[in-house]
Structure formats: structure tokens, C-alpha cells
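J.: For chain A, the structure is supplied; the task is to place chain B on it using the hints.
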Amino acid sequence: MADDPYAALGVAKTASEAEIKKAYRRIAKTDHPDLNDDPAAHDRFKAASAAYDLLKDADQRARFDRGEIDAQGQERPQRRYYRDFSEGAGNPYRTEANYGDFSDVFADLFGDGQGGGQGGPRRGRAGGFGGGGFGGAQGARSFDMRGQDHRYTLEVDFLTAARGGTTRITLPDGHSLDVQIPAGTRDGQTIRLRGKGGPGMGGGGPGDALLAVTVADDPDWRREGDDILTTLPITIDEAVLGAKVEAQTLDGPVKLTVPRGASSGQKLRLRGRGLAGSGGTRGDQHVELRIVMPARVDDELASFMERWREGHAYDPRATPRGGRP
Amino acid sequence: MIGRDELLAALPGLTGPALDALTAAGIVRPVQSPDGPRFRPIDEARLTLALELEDAYALDAEALALVLSLIDQVHGLRGEMRAMLSAVAAEPPETRARLREIITTTRVTLRR
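One line per chain: the protein sequences are A and B, in this order.
Taking our numbering, the leading residue of the first sequence gets 1, the next gets one more, and so forth.
Taking our numbering, the leading residue of the second sequence gets 1, the next gets one more, and so forth.
If you're looking for bench data, these hints aren't it; they were derived computationally from the structure.
Among the hints, erroneous ones may be present.
Said to hold, decoys possible - As a list, the in silico EDC-like pairs of lysine to aspartate or glutamate whose alpha-carbon atoms are at most 20 Å apart: (1) K13(A) to E52(B); (2) K46(A) to D4(A); (3) K13(A) to D55(B); (4) K244(A) to D218(A); (5) K21(A) to D31(A); (6) K22(A) to D57(A).
All values derive from a computational prediction rather than experimental measurement.
Looking at chain A on its own, in the form it has when it is part of the complex (with noise of 0.2 Å):
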């Protein structure tokens, strides 16, 4: 089909929806295929009644025109916006910030061009107010440019990323890389490889290799912001006598102490186990105890139950919140 429905409808681009019902009444009548034999009718009419399922649509029409959809009415990809680039260090258009009297600092903490987080073509020209591309007719030229940044998406695990750790990637080009895990990672955080990126251009050090982190889930372990929850099965005679029962936790197993009379759905709350969190305070896990059945009820439990039973009956239900505590 063509890429332009409004050519296929042999209309302009501001023809009114009168219009290009018109339009396609006047293809439909002379081209349709039961009317019309030849295959460059078909054609046409094929385009064009592809073209006014587009355009009859006003909202469809108006994405297409703002290009969000091509012309079968397919998802154009994402548009990267202007600030996705110019928000990074090294964005070639800027002029460099003049901090003064703590320009040093400035140059400490965010490096000042080769390698660092500046942008090396900025170095030196930035007079004032215009700077680089300001004074009008300089057009395009050589000059030297930082690499660029090279976005990679890395998966890593659920104890991984809270334990913090290191991470074997591949790049592309067949290089592998150690890439730090701070504790604490959250799905979603960038990590930024200073200076593993495309390589700079002239004098301009070399990109950022930018790795999107995606945390997986584990089936033993969740999060809820800081916090930790893990579920720990526990015995019925645990659960009845009480118990010391070794729990993991991000740090390793710890020895805990499950109460006499422990339901399921009980939670113990361990300080501090939980995820490194702003602030550097760590967040806490929680450790829901789940009472699991042994894997045969045999006849002495059986009738100790019965037994057991005739004389101390209770209904958890009786209670609104079914007699958790």
C-alpha cells in the first residue's frame, strides 16, 4: 500500500473529511473490482479504501498526522524526545555552565572534558552568552565530539541487585565488562559506565555505556519499597511448641525465633534486613510463617487430632479477621 494515504486518495493533506469521503466515492465508483477489470484498478481501489479507513477517522487522522502511526495504521516507534539526549553529559550543543568561584569543584565532581562527563568540544569556547553554535553562520564543520552513549538493557536477579555484586555483560562489539551492582538496585535504575561508550571523535573522549537495570522476580523474595518479604514454612509442632528456625536473609541465614502458637500469615519483622535504602538506612524484612502439613497424615497424628478435638474444639472463623493476629 502506499505510504501516503492522502496521495492514494489523490487528495491534500488539509482536504476536509467532506473531501475525502468525496474522494473515495469517486475511486470506489470507477475502480472497484466488481465494477472494474483491470488490476491497476484493483489497485487503486485497494489503496484508496485502505487510505479512507485511515482518514475517515478524525482522531486516527490526526495521530497519523502527527506521525505517532504510519500509514497501515501502525504504531510508529517511540519518539525519543530532544531532552533525552541534551540532559546527558557531552550534549555537543551546549555551552559550558560557568559556576565561578566553584568552578573547580564543579570540574572535580563532573570531570572537565577528556573521558569525563563534559563534553570536550566545549572546553574553551564558551564566551559569555553565545558560545559555540550561536554566532550564526559557522554551519557544518569538523570538530571533536565525544562518542556517543550506548544504551544497553541488563537483567540481573533479585538477590543480585539487593546484595549488590558484579555482573559479566557482553557488548556488541564482543568485549565483556564487569559491571558493579550497588546494593540496593532498583528495577528500572540506570547504571552509567563512564567512558565505555562509542568512541569520541577528534579529541572527544569516549561515550557512557548507559545498562537500564530490570531486576527479576524471585519466587522467594519480594519487595515493597525498602522492605524485604519472604515466607517461611514452618512444622506443626514448630508451629504448636514454638521453635528457633533458621531464616534467610540478604546478609545470610539467622537463627529465629518462632513464637508458641504461630499462625500462618504471621509476620516477624527482622530490623534492618531489608534494602539499603536513600538516606543509607536499611529498610526491614518481613517473614511471613506458612504452616506446611507433613507429607503424610498418619494414624497417630490422626487420632491424636481426634482425641485432641472432643475436648478443645475452637473456631477461627468465629473472629472477623479469621482469628489472625
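T.: Quick look at chain B alone, frame taken from chain A:
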């Protein structure tokens, strides 16, 4: 990076003469290569924004250059601010308290 023809195909609203004019005005600065100008993704995004600004505010080349220069500065500062804040966020609360004190003190001095 893409060539001139690919760029014009990717941006339906941009004509060849308009691209030449924007290049001559320094609003877009393509990378020079033996095969002619090459355009980075940032150039494409910048041209899209330039066309939209031209369209919406009827700007001439000089005004457009000024607006884009300001946008570059704001975007760059925002990126740096975010980097600073994320660095501060990783510091213990005492550091933040100290910074807060300095920041508020400076402000008071400036107001006087």
C-alpha cells in the same frame, strides 16, 4: 548515524532547503565525514524540536538559535542537578543535614 537522505526521509516535515538553512545558521551541526554530513540521533531530535518551535512560535533562525541555546542550558543543568541529588541521596543523613545548613545560610545572606 544517518546520511542526509535518510534524515529527510525520517523527518517528513523537513525539506532539503530548510535543512541547509538550519545547518548554515548553526542550529544543527552534523558530523563531517568523507561521504558528506552524518546526523546523530541527537541531531534528529534537535531538528524535530526546531521544526516544532519554528512552527508554533514563528521563530526566525536567530530567535530559534537563542531558544535552543537556552533549552540546552536548562536540560544540561537539570541533568547535572539530578546527578548531584543522586550523589547527595547516597550520603548519610548527617551529610545532608550539613548541606542543608550551608544552603539555607547562603540563601539568607543573599536575601539581605
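J.: Compare the structure with each hint and give your call.
T.: Status of each hint after checking the structure:
For the suggested pair K13(A) and E52(B), the alpha carbons sit about 18 Å apart, so the restraint of at most 20 Å is met. Straight-line distance between C-alpha atoms of K46(A) and D4(A) comes to about 13 Å, which keeps the hinted pair within the 20 Å bound. Pair hint K13(A) plus D55(B) holds up; C-alpha atoms about 17 Å apart against a cutoff of 20 Å. As the CA atoms of K244(A) and D218(A) are separated by approximately 25 Å, the hinted pair breaks the 20 Å bound.
With a C-alpha separation of about 15 Å, the suggested pair K21(A) and D31(A) falls inside the 20 Å cut-off, and the hint holds. For the proposed pair K22(A) and D57(A), the alpha carbon gap of about 15 Å is at most 20 Å, so the pair holds.
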